[in-house]
Every structure is written in structure tokens, then in C-alpha cells.
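Protein sequences appear in the order of chains H, P and D.
Take the first sequence: its position 139, counted from the start at 1, is 139 in the numbering used here, and no numbers get skipped.
Take the second sequence: its position 12, counted from the start at 1, is 12 in the numbering used here, and no numbers get skipped.
Take the third sequence: its position 124, counted from the start at 1, is 124 in the numbering used here, and no numbers get skipped.
FYI, nobody ran anything at the bench for these hints, they're computed from the structure.
These figures come from a predicted structure and were not determined experimentally.
Even glycine gets a Cβ: it sits at the ideal position worked out from N, Cα and C.
A portion of the hints provided could be inaccurate.
What the hints assert, rightly or not - Quick list of simulated restraints, FRET-style, between CB atoms:
| # | chain 1 | residue 1 | chain 2 | residue 2 | range |
| --- | --- | --- | --- | --- | --- |
| 1 | D | E50 | H | V98 | 37 to 45 Å |
| 2 | H | V98 | P | D75 | 26 to 34 Å |
| 3 | D | Q340 | P | R326 | 17 to 25 Å |
| 4 | D | A68 | P | Q340 | 31 to 39 Å |
| 5 | P | R31 | H | K298 | 52 to 60 Å |
| 6 | D | R326 | P | S71 | 32 to 40 Å |
| 7 | D | D193 | H | A337 | 51 to 59 Å |
| 8 | P | A26 | H | T283 | 49 to 57 Å |
| 9 | D | A103 | H | R196 | 30 to 38 Å |
| 10 | P | H112 | H | M192 | 34 to 42 Å |
| 11 | H | N101 | P | E13 | 46 to 54 Å |
| 12 | H | K343 | D | R319 | 55 to 63 Å |
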Amino acid sequence: MENQLPPSLSLGEIVGRLGGELIGDASVKVRQVATLEKAAPDTIAFLANERYLGQLKTTRAGAVIVGAKLSEPLDMPRIVAVNPYAYFARVSALFNPVPANVAGIHPAAVVHPQAILGAGVYIGPGAVIEAGVTLGKNCSIGAGTCLGAGVEVGEGGMLYPNVTVYHGCKLGKRVIIHAGAVIGADGFGIAMDDGRWLKVPQIGRVVIGDDVEIGANTTIDRGAIDDTVIEDGVKLDNQIQVGHNVRIGAHTAIAACVGIAGSSRIGRLCRIGGASGIAGHLTITDNVEISAHTLVTKSITEAGTYTGAYPFENNRDWRRNAASLRNLGELTTRVRAMEQELKQGKKGKS
Amino acid sequence: MENQLPPSLSLGEIVGRLGGELIGDASVKVRQVATLEKAAPDTIAFLANERYLGQLKTTRAGAVIVGAKLSEPLDMPRIVAVNPYAYFARVSALFNPVPANVAGIHPAAVVHPQAILGAGVYIGPGAVIEAGVTLGKNCSIGAGTCLGAGVEVGEGGMLYPNVTVYHGCKLGKRVIIHAGAVIGADGFGIAMDDGRWLKVPQIGRVVIGDDVEIGANTTIDRGAIDDTVIEDGVKLDNQIQVGHNVRIGAHTAIAACVGIAGSSRIGRLCRIGGASGIAGHLTITDNVEISAHTLVTKSITEAGTYTGAYPFENNRDWRRNAASLRNLGELTTRVRAMEQELKQGKKGKS
Amino acid sequence: MENQLPPSLSLGEIVGRLGGELIGDASVKVRQVATLEKAAPDTIAFLANERYLGQLKTTRAGAVIVGAKLSEPLDMPRIVAVNPYAYFARVSALFNPVPANVAGIHPAAVVHPQAILGAGVYIGPGAVIEAGVTLGKNCSIGAGTCLGAGVEVGEGGMLYPNVTVYHGCKLGKRVIIHAGAVIGADGFGIAMDDGRWLKVPQIGRVVIGDDVEIGANTTIDRGAIDDTVIEDGVKLDNQIQVGHNVRIGAHTAIAACVGIAGSSRIGRLCRIGGASGIAGHLTITDNVEISAHTLVTKSITEAGTYTGAYPFENNRDWRRNAASLRNLGELTTRVRAMEQELKQGKKGKS
Chain H
1 MENQLPPSLS LGEIVGRLGG ELIGDASVKV RQVATLEKAA PDTIAFLANE RYLGQLKTTR
61 AGAVIVGAKL SEPLDMPRIV AVNPYAYFAR VSALFNPVPA NVAGIHPAAV VHPQAILGAG
121 VYIGPGAVIE AGVTLGKNCS IGAGTCLGAG VEVGEGGMLY PNVTVYHGCK LGKRVIIHAG
181 AVIGADGFGI AMDDGRWLKV PQIGRVVIGD DVEIGANTTI DRGAIDDTVI EDGVKLDNQI
241 QVGHNVRIGA HTAIAACVGI AGSSRIGRLC RIGGASGIAG HLTITDNVEI SAHTLVTKSI
301 TEAGTYTGAY PFENNRDWRR NAASLRNLGE LTTRVRAMEQ ELKQGKKGKS
Chain P
1 MENQLPPSLS LGEIVGRLGG ELIGDASVKV RQVATLEKAA PDTIAFLANE RYLGQLKTTR
61 AGAVIVGAKL SEPLDMPRIV AVNPYAYFAR VSALFNPVPA NVAGIHPAAV VHPQAILGAG
121 VYIGPGAVIE AGVTLGKNCS IGAGTCLGAG VEVGEGGMLY PNVTVYHGCK LGKRVIIHAG
181 AVIGADGFGI AMDDGRWLKV PQIGRVVIGD DVEIGANTTI DRGAIDDTVI EDGVKLDNQI
241 QVGHNVRIGA HTAIAACVGI AGSSRIGRLC RIGGASGIAG HLTITDNVEI SAHTLVTKSI
301 TEAGTYTGAY PFENNRDWRR NAASLRNLGE LTTRVRAMEQ ELKQGKKGKS
Chain D
1 MENQLPPSLS LGEIVGRLGG ELIGDASVKV RQVATLEKAA PDTIAFLANE RYLGQLKTTR
61 AGAVIVGAKL SEPLDMPRIV AVNPYAYFAR VSALFNPVPA NVAGIHPAAV VHPQAILGAG
121 VYIGPGAVIE AGVTLGKNCS IGAGTCLGAG VEVGEGGMLY PNVTVYHGCK LGKRVIIHAG
181 AVIGADGFGI AMDDGRWLKV PQIGRVVIGD DVEIGANTTI DRGAIDDTVI EDGVKLDNQI
241 QVGHNVRIGA HTAIAACVGI AGSSRIGRLC RIGGASGIAG HLTITDNVEI SAHTLVTKSI
301 TEAGTYTGAY PFENNRDWRR NAASLRNLGE LTTRVRAMEQ ELKQGKKGKS
């Protein structure tokens, strides 16, 4: 945790600002959020995952945010919220507001004279802004971040250090991009021709909507012909790979290490688990949940949860089961043969 | 798509330059490539994937590139090519040539006086060129890219921003490296010794052949003793990890997120699907295709296609099947026992 | 291999410094380590993996390091070591010592006046050191590396180029971080709220112990509330993703491309194979080995080896077996029914 704790708020003030039902002493003051496990008396914790229910009894927190379901008596004040995790997010934002942007262009930044910079823009040392770049007001461009020719960043964009955005890409408002991400590199377009690969020019862009967050070292390739599109409110974790001409629907959230092959279209409000993959040229409808480590090889037309991870086990059991798996087709045939035999036997008897 | 469209060419001129059979009006002019779906009348589209056959009827393209198999009548002119995707790649390259390198060293680049720079070299702002680096003619080194001591880049090398190449590594001619890639970091060489890991010095290099393209945020480790080698014409997508002392054969193409463990040797003209893995110390022969999400745990001595992804399904079915999978070895034993019993039963009867 | 070979040592000198039993001529001199396959007569090779036993007969090495088990006669001198790979690591370190740090701040580095720099520190061109950073003595900060406000790096830290460390993170002594790694980016903390994702402020830090090595393009997220912790001696390969509030126990080694979801705790001396995943909120005890491509979905309380990769096979066999896998639950039911039937049949007879 940071060393400097923010000024305190009473529980009454918190409920006054954010709603929720307060049970207990409204004058109790807290000055930071905390986990149940490590909470100090001047902090407020939350319970959103039943896994941590046992910690409620031992926590030293001054108050706790809980869901409506929790009926157990508590010694400490509680705020009952319909969605305790979202409520917690809001409380944390009260105590930990995003620091105001410090406007200014560092003398060690390299800004092309034909770039257009909005009011309040910050550009860090070593950042490189090429010709024709447009930065909306209050954008923050981190040290060492490179924006290629013609890149547009909407107002309030926050690019951390060492990000690379290739020429022509367009980012919406309030986009956050973490360090090491690469937006708009060439898609993997190659054509086999007489024993050699021919490069297919990648002339599309990456177009990113408003309120998108992109994790560290994530890569989003530019389109081969048309654009790669990330719609509003999409949240991408770290080390995700988005192939050329993919479209990701609004408010979809994707966990780390996922790979999405070229030209696939993912719906709105989907949730994709870590290290999953989406093969190319598929369509996934809205509200689909993909479990971790799943490879999606066909389009999905119905909302729901889809899974394809091999169930792990101790190595000895795995060896036996995996060896059997290699003969599963044959086993199925043998079972069918026995079923026939038993059926024939019955007929013979009757 | 880019705003400025290139000058137009007639279909007759295209076929004159690139071959293929033109059916229809040779005077029709086009000025860019397009997808069937979004084509305008002054563009030429292509059909290489039958998935998009339906779009042929509704496209507004001025012409289309198709394979010899397609026999359907079309209203618009078509160019028939043996390999329509490769033909399309060439047409696109006509309209979208690689921009000529702008020679020059940006004043904010840091170039060691003992570096040797060929004619026509470009070095972007914030790029760092250490002692003993050799850049062939017409190399382009992007902003923020760092080349360690003694690195060699052959002529026409194109390194995008924020690439890192460690000391001593050698890149062939016309190599393209996308942003964030790291070439020549230490391999994962550690020896367990009395409850602690001892670092094994990594004294090999990475040696990369001609016409290799390396995707964004891909990492290729230097050899532990001998070199890690990427042969001519290899194409690596984004976020691939190549371990120390791996050798990748010429013209092999590897999709994103693949990991190749140390000392494995991959043949020529292989194709490896996204997020697959190759365990260490294996040998994969030429012309092997590995499907996506497959872990290769043994050497492969015969060309062909190899697969190992768990088939995804809706979560309810997956739960049932995966639970059964954990007992598959036992199920196999039970089936064998029944087969014996049925056999015995027959003997008893006869 | 590097061009300049180090000065030679006799086998007697090597055994004098590092122990081990020498069999053969102690005056034989070597000047570098080598692989059995490519060894020259003035080098010393090693055999730690039986896979390479055949190369012992043909190697041109001047000497070889072997384990106690190897009883075959050899023409060349050998050093017998309990742990030949660790012994080799030490011999290689004799010939290939880490180059001494060249102290100094490059004029193109950007160092905040409120940073505190120990003696002997090196800061490369384009590196950015923000306010309140503390660098221990003999730290080396590579070109283009960015350290956010308040970052601490212990003595002897070695950060390669283009690393990003976010504000407030703390690195122990002798930490090595390879190029492109990102330490302390925001964890993936989002709360669904009325059809949109709400960002949860990530106010923890990343705290890294002594003697940790972190591979190229690996990402370690800062904690949501408490810190993400990497204990002493942990070794992380390239392209690993460590989620917020993870704790990795001392001397655990993790191969490339692994993803660890938020709040999981991994024990000491674990070994995790490439491209594996650990789901969130789990606890893995000490001395656990996870095979490559395994998704761990439950806590592990017993030391041992755990596996969950789909066994790969040629595509034709895979198709048949995978299709059967989709019906495995049903097959199990059918087998149970047959077993019942056979049992009934017996009863009927008796």
C-alpha cells in the first residue's frame, strides 16, 4: 500500500455519496480500503467472494461492505450493497482518485511540429510523437511511448511508458494503455508462393472506442484491408494477442494471455478466461463466457458458458487416463460391439 | 483504410504485370484492394476462403481475383489465378508499396562513434546504437529501439520502435522486427544447487537469416553455449517465445503465442498453430503442421498434421465428460473385464 | 559464441577451485565451455541429459563434466561431479564472468533531481528515473528503461533496456530484469456495474525479493489493495503473466508463457512448466511440479507432479478420439448399464 493515506470519511458520508444501506455507527471514520485479512481499524474492507467468509470473523477492519445475502451478525458496522464489489470499487475511487494530469511537454520528448496537441496534454521524456498525430485534451503520454504518423488519441487518454502505436491508428476517449502494449503492428498476413512466404501488405488500422483499457504487453494488429476494431468499454488484460480484422464488441472483458486469430468477431458483454484462444474467422455472439485455457474452434450462436480445458490431476493418474484417451475411439467401438452382442444374446434367448 | 488512395491501374495492366487469366473488361480501373464485404467500385477484391463465397453475389467490387475452381458466372470482371491469395498479395503490393526509407539519423538518436552505418540508414529519435554495431545499407531503426554492442543488421533491415536486440546478435538481410520484440535475452538456464538456483551464463547469440519477419513482443533467447538460429524466410507472429538453442528451419511459419522450449529443432516449411507449445530437446521434421493449442511432447519424424487441443463444448457437457475423463483408465479396465466375461460366457455355452 | 575466448585454465586449477573428482591429465588446459556436439579441443563440455550420451563418443572436447553414475571408459579427461549441470554452471561462470559495471549516467538519460543514486550506478541513454527513485550501489539501468516515482532497486540490480517499473514498486538486491518486462502495471480489477465495467483502483505495489531474475516481456501486476510479492531467488522465464496479489514462494522457477491469475499463492521451490496456468485465489504448496500446458483449477496441498495437457497425436487419430471424448459421459453410462445387465444375467442363472 502507498505510504500516504488519504483523509478520512465517515460511513455516513460514504453512504450519503454512494447509496447502500448502513447498519451500525454512521460516525465511524475510515481512510482507506483494505482486504479483510490485512485491514486496520481505520479501513473499510469488503466481502464479494464467499471463499473469504471465514476472514470476516477475524478482520480488524472498521467496517465492511457486504451483499444483501449475508445474514450473519457482525460486531462491526456494515454497508449492504446490491453489488458489493462495484460498491467497493466506488469507495476505493473516493480514497484513491486518479491523480490530476500535470500538463507539459518534457524537454526530452520529441514532438513533430505537425502534431496537434489539446490543452492540458502531458508528454513524458523520450516519448516520440510523429507527424500528424492528434492528442485530445488532457492526454498523458508516458516516457518512451511512440505514436506513429497520424495517430489520434481522444481526450483523457492515458498511455503508460514504452507503448508503441503504429501510424494511422485511432484511440477513443479516456483510453488507458499499459506499458509495452503494441497497437497496430502488421497482421500475420502471408501467402505461400512457390516455397516462400509472400508478405501481404497490412493497410487497415486499429480503431479503439471510448473507455477501453489495454493491459501491459498486449498486442493488437492492424487490419489487412479493413480495420481491426475494439468497441467502447472493452477491457483487455495483459499479454493478449488480437489478430488482424478482429472485432471485439462493447464491454467485453478478456483475461490475460488470450489469443484471438484473424477476422473473428466477438460479441458484446462477453467474458473470456485466461489463456483461451479463438480460432480465425469465427463469430461469437453476445454474453458468451469462455472458460480459461479453452480453444474455441467453431462459431458460438447461443449465450452461455463454454469450456475446453483438460482436467489436471496428479501425473500418475494423468498418464493412465491420457494413455486411454489415445484409444478412446477404439474403446467406443468395442463398447458398441458388446452392446450388440448383449442385444443379440437376448434375442437368442427370447 | 488509409485516406489517400493510390493511383489506379486497369485490369489489363495488372494482368500484364502479374500474369493470371483475365475474364471480362480489361479497361476497368481499380485503385486499391478491398474485402468483398466493404469493396467500392474502384477496388479489386479476392476470394481465397470458401467461407466468404456468399459475399461474391453482393460485393460492389470492380473486379475480383478467384481460383481456377470457381466456375460460377459473375457480373464483374475476374482474374483467375492458380493461387488467388498470393496473387492478391502481389496486387496489394502494387497499390501499397513499402514507403522508401528516409535516410538520416535523428538528433535525438544515440549512436556510438564505433558503430558502422551503411548508406541510406535511418535511425529514429531515442534509438540507441551501441559500440561495434553494423547496420547494412537502407536499414531503418525505429524510435526507442536499442541495439547492443556488436549487433549486426543486414541491408534493408526494418526494426520498428521499442525493439531490443542484445549484444552480439546477428540479423540477416531484409529482416522485419515489430515493436516490443526482444532478441537475445538470456535463455532460461538455471541449475538447482543446494536449494537455490545457480545462473548458467548464456554465451551464445541469436542468428537470424534473411527475409525473416518477427512479430510484436516476440522473444527469442540467446543460446546457452551455441547459438539460437532462425533460418531464412521464417515468419513469426506476435508474442512467440523461442527458447535458447532452438533452431527453426527455413520458411517455417509460426502463429501467435507459441512457445518453443530450449534446444528443440523445427524443420523447414512447418506451420505451427497459435498458442501451441514444443517441449525441449525435440526434433520436428520438415513440412509438419501443428494445430492450435497443441503441446508437442515427442519428436515428430513424419510430415503431417498433429493435434492436441481439448474439444470445447458447453460447460454442462464439459463437466460431465471431463469428470468421466478422470476415470477413463478405470473405464477401459472395466470394459476389458466385460469383454473377457462375454468371451468366457461363449466358451461356457459351446 | 563470442569471438574473444577467455584465458585458459588447467583441469587441475578448475578442480582446485570448484571441487569434484578429476580422472585423467590435470595439466590439460581449456578456455571455454562447449556443447559435446560442437566442442573444440580447448573446451570442456558436460553431460547432464542422457539424451546426449551418444555424443560422448564423437565429441572433440578436451575434457568433460559427468555425473557419478557414468561408468563408461572415456578417452578424454573427465571431472566427476555430484551435480554435473551445476558444476558446469560454475565452470562457465569462471570463463564468462559478468562484466563489471561501467559507472556513469549517460547524458541522454533523464534523472529526476530527487532520485537517490548509490555509488557505481550506470544509467543508459534514454532511461527515465522519476522522483524519489532509490538505486542501490552498482545498479545498471538499461537504455530506455523507465522507473516510476518512488521505485527502489537494491544493490547490484541489473535492468536491461526498455523495462518499465511503475511507481512505488520495490526490487531487492541483485535482481535481473530482462528487456520489455513490465513490473507494477494495474491489475485486472474491474467490477461489472449496470452493463459497464467499473475500474477498481490498484493501490498495492509489486515487491520483489533478492536474487530474482525476470525474463523478457514478462508482466507482474501491482496489487489491488495489498502487494503482489515475489520472494527471494524466484526465477521467471519470458512472457509470464503474474496477476495482482499473487505471492510466489522463494526459489520457485517458472518456465515461459505461464499465466497466474489474481490472488493465488504458490509455494517455495515449485517448478511450473511452460504455458501452464494457475487459476485465481488458489494455494499451491511447496515443492509442487506442474507440467507444461496444464491448467490448475484447484488448490494443491501435497507435493508432487501434476499434469493436464491433452496428449497430441496425428490429426486423424485426434479427430476420432476427440469426437468420442464429447460422448464420454454417455459412454460411461452405457458401460455401467452393461455391467448391471451382466450382473443380472448371472443372478438369473444362479
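The hints, checked one at a time:
no.: 1; hint: D/E50 / H/V98: 37 to 45 Å; verdict: violated, 57 Å
no.: 2; hint: H/V98 / P/D75: 26 to 34 Å; verdict: violated, 56 Å
no.: 3; hint: D/Q340 / P/R326: 17 to 25 Å; verdict: holds, 22 Å
no.: 4; hint: D/A68 / P/Q340: 31 to 39 Å; verdict: violated, 47 Å
no.: 5; hint: P/R31 / H/K298: 52 to 60 Å; verdict: violated, 37 Å
no.: 6; hint: D/R326 / P/S71: 32 to 40 Å; verdict: holds, 37 Å
no.: 7; hint: D/D193 / H/A337: 51 to 59 Å; verdict: holds, 57 Å
no.: 8; hint: P/A26 / H/T283: 49 to 57 Å; verdict: violated, 38 Å
no.: 9; hint: D/A103 / H/R196: 30 to 38 Å; verdict: violated, 49 Å
no.: 10; hint: P/H112 / H/M192: 34 to 42 Å; verdict: holds, 41 Å
no.: 11; hint: H/N101 / P/E13: 46 to 54 Å; verdict: holds, 53 Å
no.: 12; hint: H/K343 / D/R319: 55 to 63 Å; verdict: violated, 28 Å
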